[in-house]
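Q: Chains E, Z, S, C, Y and H, in that order, are what the protein sequence lines are. Going by my numbering, the first sequence opens with residue 83, and the numbers climb by one from there. Going by my numbering, the second sequence opens with residue 83, and the numbers climb by one from there. Going by my numbering, the third sequence opens with residue 83, and the numbers climb by one from there. Going by my numbering, the fourth sequence opens with residue 83, and the numbers climb by one from there. Going by my numbering, the fifth sequence opens with residue 83, and the numbers climb by one from there. Going by my numbering, the sixth sequence opens with residue 83, and the numbers climb by one from there.
Please note: incorrect hints may appear among the correct ones.
Since copy identity is lost for identical chains, a pair holds within one copy or between any two.
What the hints assert, rightly or not - Simulated pairs of lysine-lysine, DSS-like, Cα-Cα distance not exceeding 30 Å:
1. 315 with 363
2. 92 with 109
3. 377 with 152
4. 168 with 118
5. 256 with 377
6. 173 with 312
7. 152 with 105
8. 315 with 372
9. 372 with 152
10. 380 with 256
11. 118 with 377
12. 312 with 191
13. 105 with 92
14. 109 with 188
15. 380 with 312
Don't read these hints as lab results, they were simulated from the structure.
If you want the building blocks of each chain, they are given just below.
6 protein chains.
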Amino acid sequence: MKTLFVKDLKPGLEVTEFFVLRKKELKEYDGRRFLKLEMGDRSGRIDAVVWDNSDQLHGAAEAGEIVKVKGWVTTYKEVPQLKVDKMRRAKGEEINLADFLPASEKNPKLLYDDFRSVARTIENRHLRRLVDLLTEDSSLMERFRRAPGGKLWHHARLGGLLEHTLAVASICQKAAEMYDLVDRDLLITGALVHDIGKLNSYSVGGFFDYTDEGRLLGHVVSGDELIEQKIQKITDFPGDLALKLKHLILSHQGQLELASPVVPQTVEAIILHYADELDAKADAFSHIIKTQKTKGKKWSDWVRLIDRFIYFGED
Amino acid sequence: MKTLFVKDLKPGLEVTEFFVLRKKELKEYDGRRFLKLEMGDRSGRIDAVVWDNSDQLHGAAEAGEIVKVKGWVTTYKEVPQLKVDKMRRAKGEEINLADFLPASEKNPKLLYDDFRSVARTIENRHLRRLVDLLTEDSSLMERFRRAPGGKLWHHARLGGLLEHTLAVASICQKAAEMYDLVDRDLLITGALVHDIGKLNSYSVGGFFDYTDEGRLLGHVVSGDELIEQKIQKITDFPGDLALKLKHLILSHQGQLELASPVVPQTVEAIILHYADELDAKADAFSHIIKTQKTKGKKWSDWVRLIDRFIYFGED
Amino acid sequence: MKTLFVKDLKPGLEVTEFFVLRKKELKEYDGRRFLKLEMGDRSGRIDAVVWDNSDQLHGAAEAGEIVKVKGWVTTYKEVPQLKVDKMRRAKGEEINLADFLPASEKNPKLLYDDFRSVARTIENRHLRRLVDLLTEDSSLMERFRRAPGGKLWHHARLGGLLEHTLAVASICQKAAEMYDLVDRDLLITGALVHDIGKLNSYSVGGFFDYTDEGRLLGHVVSGDELIEQKIQKITDFPGDLALKLKHLILSHQGQLELASPVVPQTVEAIILHYADELDAKADAFSHIIKTQKTKGKKWSDWVRLIDRFIYFGED
Amino acid sequence: MKTLFVKDLKPGLEVTEFFVLRKKELKEYDGRRFLKLEMGDRSGRIDAVVWDNSDQLHGAAEAGEIVKVKGWVTTYKEVPQLKVDKMRRAKGEEINLADFLPASEKNPKLLYDDFRSVARTIENRHLRRLVDLLTEDSSLMERFRRAPGGKLWHHARLGGLLEHTLAVASICQKAAEMYDLVDRDLLITGALVHDIGKLNSYSVGGFFDYTDEGRLLGHVVSGDELIEQKIQKITDFPGDLALKLKHLILSHQGQLELASPVVPQTVEAIILHYADELDAKADAFSHIIKTQKTKGKKWSDWVRLIDRFIYFGED
Amino acid sequence: MKTLFVKDLKPGLEVTEFFVLRKKELKEYDGRRFLKLEMGDRSGRIDAVVWDNSDQLHGAAEAGEIVKVKGWVTTYKEVPQLKVDKMRRAKGEEINLADFLPASEKNPKLLYDDFRSVARTIENRHLRRLVDLLTEDSSLMERFRRAPGGKLWHHARLGGLLEHTLAVASICQKAAEMYDLVDRDLLITGALVHDIGKLNSYSVGGFFDYTDEGRLLGHVVSGDELIEQKIQKITDFPGDLALKLKHLILSHQGQLELASPVVPQTVEAIILHYADELDAKADAFSHIIKTQKTKGKKWSDWVRLIDRFIYFGED
Amino acid sequence: MKTLFVKDLKPGLEVTEFFVLRKKELKEYDGRRFLKLEMGDRSGRIDAVVWDNSDQLHGAAEAGEIVKVKGWVTTYKEVPQLKVDKMRRAKGEEINLADFLPASEKNPKLLYDDFRSVARTIENRHLRRLVDLLTEDSSLMERFRRAPGGKLWHHARLGGLLEHTLAVASICQKAAEMYDLVDRDLLITGALVHDIGKLNSYSVGGFFDYTDEGRLLGHVVSGDELIEQKIQKITDFPGDLALKLKHLILSHQGQLELASPVVPQTVEAIILHYADELDAKADAFSHIIKTQKTKGKKWSDWVRLIDRFIYFGED
């Protein structure tokens with residue numbers, strides 16, 4: 083198991099430890115080949131370099147894999163750098179993914195129990211059958227329990243997708259109580275599955291990244307396909323209900339510009355969209371506050387994605 | 083009190099009844115002056131005309147006032163028309179505003195009680211003092227109890243502003259439980275006052291219309307000014323708290339394009355914005371379903387404001 | 083078969099003929115119920131009314147169906163109107179759909195032969211298997227031969243989808259010769275199937291209309307699902323090839339704002355997009371010229387959809 | 083008083099001088115804490131570092147304050163760097179703000195005299211009373227005389243706000259002569275106060291920066307509030323005139339996207355908006371020409387804010 | 083000369099008068115051909131119809147021409163209509179264009195004298211030679227004296243282009259005094275010629291309309307071509323000066339979206355753009371106030387082009 | 083002739099070779115003046131520095147010229163740098179432009195023969211005369227044969243404009259066969275001249291850059307002017323044909339936002355626009371694939387201009 087983290091690497095330290103190999107490039111300088119690497123774990127990233135055995139170590143692992151490394155910490159242009167002497171692929175039993183990826187602060191088991199509890203409140207037998215098919219698909223649920231809710235912006239942590247899914251469902255439950263025309267079961271089912279395509283859109287190797295499918299199809303369509311396949315297995319699933327549920331998935335981004343191929347056209351769809359936005363933004367803002375707020379600091383750094391600073395206020 | 087409504091006016095009927103005078107225009111046709119009017123009540127609108135005494139009746143009332151009319155129903159180009167013989171201003175005691183304006187289905191007294199109940203949950207003494215100043219301002223609260231939440235799109239009914247305010251507060255209460263960094267009292271106060279400027283933006287005469295202030299300043303700034311004036315009366319209201327509260331009002335539209343002069347820069351502001359959107363859109367969609375859904379009709383008419391049809395689904 | 087068309091209906095004429103029932107509404111005027119209808123065929127539309135037996139005839143047919151009507155032509159407000167005495171559903175053998183819907187000027191059989199010829203040029207065995215599965219699906223191909231390419235704007239005629247598909251494939255064939263890096267088989271397959279979802283997006287009853295699926299899912303996603311289902315039936319279809327083909331369908335609108343959930347990310351996708359645009363716009367412009375150009379008229383009427391007039395030039 | 087400026091700091095020089103402390107950060111390198119600083123004055127900026135006494139000097143001053151520094155100039159990565167041995171807050175009498183901030187080339191006293199001259203041309207007694215209240219508010223005027231017109235883009239210099247205000251008023255005077263329907267007094271008053279909210283939006287410490295209020299409320303609303311407070315003090319200020327004046331302030335950015343909560347709805351408002359734009363852009367372009375034009379150089383550097391180069395032309 | 087105007091046509095009146103033939107369409111109703119016309123003059127428009135001799139009168143004149151008409155005023159669907167018995171083309175000497183087209187209130191001779199006065203202030207000999215070439219081109223100046231500044235929105239009246247040109251030049255003269263880096267002669271020349279392409283973009287027949295060139299090339303490019311042709315005739319016109327002047331014409335719309343092919347890249351270009359906007363908008367707002375303001379009316383009708391109402395204020 | 087290219091410069095190498103002088107700046111460091119340069123050729127760029135004789139060598143050449151350099155390769159901050167001892171302007175006969183600029187892989191003579199072949203297919207005698215005038219203008223054609231199609235994005239190579247022109251013409255020929263209403267000769271002529279203004283927009287010195295005209299007028303207007311001048315020389319060129327041809331040039335960017343002053347208003351214009359887009363994007367994507375695709379690399383680097391990655395697929 084891992085005991086030393088990137089944030090603790092000081093010049094002069096000898097290191098034998100596991101890291102994620104984030105990037106790998108074979109370069110040449112003045113006729114001599116070397117490997118330029120980037121190592122990381124859940125606490126941060128560090129540049130690394132291999133001068134000897136670069137050809138051999140080049141084949142030792144691919145970017146995205148977790149490796150065991152022997153070397154020592156030096157500095158290059160006054161920035162810490164890891165000089166690597168040995169490197170090999172880690173074995174499954176040697177590592178704990180949680181050491182390399184940020185993770186939800188919540189207990190994954192409890193999160194998943196909550197997911198199943200919400201699922202059990204669905205009374206419509208077709209929708210209930212659908213969510214049962216999902217929860218019975220153990221390999222799918224295995225991935226669901228670990229999946230992040232995003233790559234960088236919101237819920238970018240192991241279990242983040244489950245956290246986000248439950249939060250959206252929670253707001254939708256509230257809304258179902260408030261608006262009498264809402265089909266509660268439809269809305270809750272939509273909340274539970276709206277982002278399920280993200281299981282195919284993000285890879286959870288040593289760090290979170292887009293998959294080819296994530297870029298070429300998008301999580302909205304991947305989710306629609308996944309649910310369509312489950313629906314095909316239910317013999318009498320009503321066509322109108324299938325359309326309405328799939329519409330919830332396809333329209334949940336709220337606008338065409340945000341990659342939904344259709345805009346929300348039902349009251350459930352419009353509620354789901356805003357519940358999704360509310361939780362995504364609340365989590366993103368909260369994450370910035372948690373990681374940047376320090377005593378006396380009233381403003382966050384510039385947040386490029388939303389083109390503004392965030393105000394923390396006086397202490 | 084009113085007994086006959088626009089929707090019940092059939093050709094041939096003699097009518098002595100109260101209506102809102104929605105429009106009034108003195109015109110001339112072939113040398114003869116006449117008055118072209120539009121009458122209305124909470125059930126609809128009807129064209130009306132005055133041929134005799136047009137000059138005299140022209141001075142009898144202004145558009146927006148409620149009038150007592152004597153005449154009979156004829157048709158013009160196969161559409162019912164009210165031929166008016168007499169018309170005078172109604173007196174206050176003769177009419178019940180609820181006959182002329184659509185109204186919330188909820189009991190206004192209970193709505194206002196709910197508002198005060200939510201207000202009493204605020205523990206921060208400065209914010210509590212502020213909402214107390216508001217509830218102690220009886221003329222303001224009188225207008226609040228009747229004000230619509232909008233002119234046409236959402237909550238366009240007597241008491242609609244209170245309904246909307248409570249719904250937004252309700253979603254914000256839920257959010258305050260979900261996100262631990264949120265300043266609950268600040269968020270709830272923001273929810274209660276975010277649209278208070280609408281009291282100055284809409285006139286509630288015989289029908290809902292924009293006031294000059296509503297168009298020239300906008301409800302966002304009117305609300306900011308109103309709260310600023312109350313804050314001025316509280317001796318030790320913290321400057322940072324005032325900024326954060328006013329920021330909630332000013333940024334609640336969420337984007338500059340939607341008439342907020344600043345974008346949300348606090349976690350409370352971003353939550354308030356989406357809670358506001360969720361309730362506004364859920365109400366607007368619900369209203370369209372309630373007024374347009376009939377047996378076998380699966381789609382609404384075209385909704386110009388959001389450029390789409392709304393799906394009702396199969397019966 | 084049909085002999086009398088809407089454009090030939092003159093006041094006074096007695097009529098026993100087939101029409102599409104485009105709209106149907108049961109209304110009441112002064113205590114008397116009547117049916118307000120709209121009839122049409124490929125030559126135009128006419129208002130119609132039923133005064134006697136309105137309750138009974140109300141059940142005779144639904145909007146979108148073709149009916150046999152007995153009545154005579156009168157005028158209402160100086161516009162021709164069809165007064166209907168009898169109305170019943172038409173039987174399949176009595177009618178020829180081509181009398182009611184605009185149709186391609188090209189021979190549908192030859193169009194479809196062309197489609198199969200292009201399909202046979204595909205050499206990649208997986209893609210060839212896929213298009214074979216499509217052409218072997220006779221009910222799908224039956225619908226493909228009749229489907230319009232759009233509701234109003236381009237190729238809005240029976241066989242229009244096939245015309246458009248072949249034109250796009252033709253431009254793509256040219257492009258495949260011009261750009262050496264292009265995967266020709268992939269591009270041609272993409273061209274052949276890019277709009278196949280429109281089979282589920284438009285209804286071809288008495289006139290072209292959107293289906294519920296067309297509005298709630300959109301033709302882009304419907305096409306992706308349809309192709310995914312066919313791919314599932316091919317045992318060794320390479321995953322990377324499936325991604326690239328589905329990406330062609332999903333991205334062919336070119337921009338998120340135009341309802342593609344992803345933007346073109348391969349050279350084939352970017353070519354397909356512009357080939358699609360070129361043919362769609364060339365057909366739309368050509369259609370306007372054909373229907374509006376008359377001697378001495380240099381400009382079209384205003385074309386709202388593209389916010390401009392079209393110039394025909396001097397004769 | 084200051085004799086040595088940043089632009090004159092050469093390696094090897096011993097320095098005892100006043101600078102603005104622009105940034106301050108306590109960092110740790112290899113177990114040793116140090117202070118990373120940025121110093122500046124009206125001629126430029128220089129990095130600085132404190133190795134000894136870093137903890138103690140950390141408390142000596144805050145970013146934004148003016149400090150007296152003892153140290154000497156070295157280089158770091160070939161860029162000049164100031165190694166600081168001693169640092170203390172400057173006292174008010176030791177410094178002249180004009181040494182640290184760029185300033186208008188015009189005489190501040192004359193600028194302010196001009197402002198009062200324009201104010202005295204206002205004949206409407208209510209508007210005249212209002213501007214009198216402003217000029218009688220000596221602490222406000224004190225800040226007005228020094229305030230910049232912007233942080234970076236236009237009139238970013240001491241006295242810049244006054245320069246800009248007078249230029250806008252000057253164009254408005256011209257317009258009032260040209261367009262006969264214009265209410266001259268209203269327009270001139272609007273010109274004089276349109277940017278007065280910037281007094282609360284920018285801090286004029288050692289350098290120009292946004293205040294919390296500047297970011298959370300925006301200068302448009304701050305100006306509206308300030309004028310509203312003055313109007314409250316005038317007993318018979320006509321409501322319609324107040325609306326029109328405040329509308330000038332609120333709409334002067336011209337578009338919602340540019341942070342005006344309402345668009346210009348009066349002829350005075352539309353004129354004020356373009357007068358404001360004309361002067362702002364003319365000053366920004368002029369500033370770039372003045373600072374970048376050298377012999378033989380025909381084009382400016384890329385100007386990111388307006389996404390273009392500026393052409394100087396041939397010499 | 084014309085004595086009777088459209089606004090004075092009452093039912094029953096016999097009419098022998100000149101009108102603009104605005105539209106002409108040969109139609110058939112129930113087997114009988116008739117001409118549907120629209121007549122107009124500077125006071126308004128009226129529908130007209132020819133029942134007898136429709137074939138013959140169809141060839142009597144084309145839309146856009148001025149005709150002499152004999153007929154009488156009737157009503158159709160309660161709207162006045164002119165029944166035409168005779169119609170022929172008007173002869174040049176019979177008519178005064180000012181009767182048919184709205185015209186500037188200013189004396190055209192004085193306007194043109196002003197134009198020449200401004201032109202004479204240009205000292206740069208190349209630019210002076212250029213404007214001299216323009217004023218020496220008598221047929222061009224003849225058209226300039228009558229040309230409108232727009233079709234509908236601003237300065238849409240005879241002489242309007244000259245009015246607008248002088249107003250823009252006037253603001254630019256003011257700006258040249260204010261900003262010391264400005265090349266005054268360049269800016270004033272740019273102001274004088276910036277819209278000269280409109281001479282080719284609008285036809286001034288019986289009413290203002292776009293020419294084919296106006297639509298296909300646009301007034302910006304037409305102006306650039308016209309000035310380029312004049313510059314070609316001046317032997318030693320400096321290339322850099324020509325570029326800068328043509329840049330003023332091409333960029334004066336200020337943004338690509340507004341049909342300038344380049345954005346303003348010189349200080350003169352940015353000033354010209356805003357001077358142009360200021361005058362165009364001030365005239366458009368003024369025109370709406372002049373034509374719509376009546377006693378007690380505080381707001382204009384909806385102004386579609388700028389998506390707002392205009393506020394007149396209290397009387 | 084050149085034998086050593088930038089990509090081959092290794093530290094320690096002595097160099098006597100020709101390079102493009104891309105940038106030149108006289109700087110001062112610690113009281114000593116030096117020249118900071120950038121050298122380049124078709125294989126890449128390298129920083130260079132002159133310490134001795136900097137004043138004298140400063141006058142030796144200007145940025146954009148090709149120079150002969152004597153020096154040796156050193157490193158600065160671990161990046162290769164060329165230390166220059168001598169530098170002089172190259173003479174015309176010493177150099178081959180193809181050594182300094184990327185060039186089309188196609189034979190320039192054959193490309194130009196193709197251009198003339200296409201030109202000879204034009205049958206309309208006016209258009210044929212026009213293209214003959216172009217091909218007879220030998221200095222123009224000389225520049226056409228070398229001109230790039232763009233600065234950075236597509237066809238940025240010697241002969242690139244001709245390649246692009248022929249590709250667009252080729253797609254237009256295909257379209258002319260497909261759409262029967264198209265005026266083939268007009269469309270092909272439009273394709274051949276649509277980008278001819280680029281001859282004046284890009285300088286082809288040592289590297290591709292915008293000319294002043296390219297920035298101040300834009301290639302669209304430069305092309306329109308060039309063709310207008312040729313048309314002026316043809317006595318009976320029909321006015322309507324001239325308008326239609328110039329409209330093709332002016333509208334070929336397709337949208338105002340993309341710097342066309344008018345949108346496509348003819349069927350030929352809309353086809354030309356999409357043919358242009360198709361080829362430009364296909365070339366840009368192809369170029370990225372050719373320069374970035376390596377074994378095992380499935381995705382391109384981020385392509386900022388189109389805000390996406392490009393997918394290469396599996397090997």
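Q: Each of the hints needs a verdict: does it hold here or not?
A: Here is how each hint holds up against the structure:
1. Proximity of residue 315 to residue 363 under the C-alpha cut-off of 30 Å is found in neither arrangement, the shortest distances being 36 Å within a copy and 35 Å between copies.
2. For a Cα distance limit of 30 Å, the shortest separation of residue 92 from residue 109 qualifies both inside one copy, at 26 Å, and across copies, at 14 Å.
3. In this assembly of identical chains, the alpha carbons of residue 377 and residue 152 lie at most 30 Å apart only when taken from different copies (29 Å versus 38 Å within one copy).
4. Taking identical chains as interchangeable, the C-alpha atoms of residue 168 and residue 118 lie at most 30 Å apart only when both belong to the same chain, with a minimum of 14 Å there against 36 Å between chains.
5. For a Cα distance limit of 30 Å, the shortest separation of residue 256 from residue 377 across copies, 29 Å, qualifies, whereas the shortest one inside one copy, 36 Å, does not.
6. With identical chains, the CA atoms of residue 173 and residue 312 are never at most 30 Å apart, being 34 Å at best within one copy and 39 Å at best between copies.
7. Proximity of residue 152 to residue 105 under the C-alpha cut-off of 30 Å is restricted to the intra-copy arrangement: shortest distance 17 Å within a copy versus 39 Å between copies.
8. For the homomeric pair residue 315 and residue 372, neither the shortest alpha-carbon distance inside one copy (44 Å) nor that between copies (35 Å) is at most 30 Å.
9. For the identical chains of this complex, residue 372 and residue 152 are neighbours neither inside a copy (34 Å) nor across copies (38 Å), given an alpha-carbon limit of 30 Å.
10. Taking CA atoms no more than 30 Å apart as the test, residue 380 paired with residue 256 passes between copies only; the shortest distance there is 26 Å, against 33 Å inside one copy.
11. Taking identical chains as interchangeable, the C-alpha atoms of residue 118 and residue 377 lie at most 30 Å apart only when they sit on different chains, with a minimum of 18 Å there against 38 Å within one chain.
12. Taking the shortest Cα distances, residue 312 and residue 191 sit within 30 Å of each other inside one copy (24 Å), while across copies they are farther apart (38 Å).
13. Taking the shortest Cα distances, residue 105 and residue 92 sit within 30 Å of each other both inside one copy (21 Å) and across copies (26 Å).
14. In the homo-oligomer, the alpha carbons of residue 109 and residue 188 never lie at most 30 Å apart, since the shortest distance is 42 Å inside one protomer and 32 Å across protomers.
15. Proximity of residue 380 to residue 312 under the C-alpha cut-off of 30 Å is restricted to the inter-copy arrangement: shortest distance 26 Å between copies versus 49 Å within a copy.
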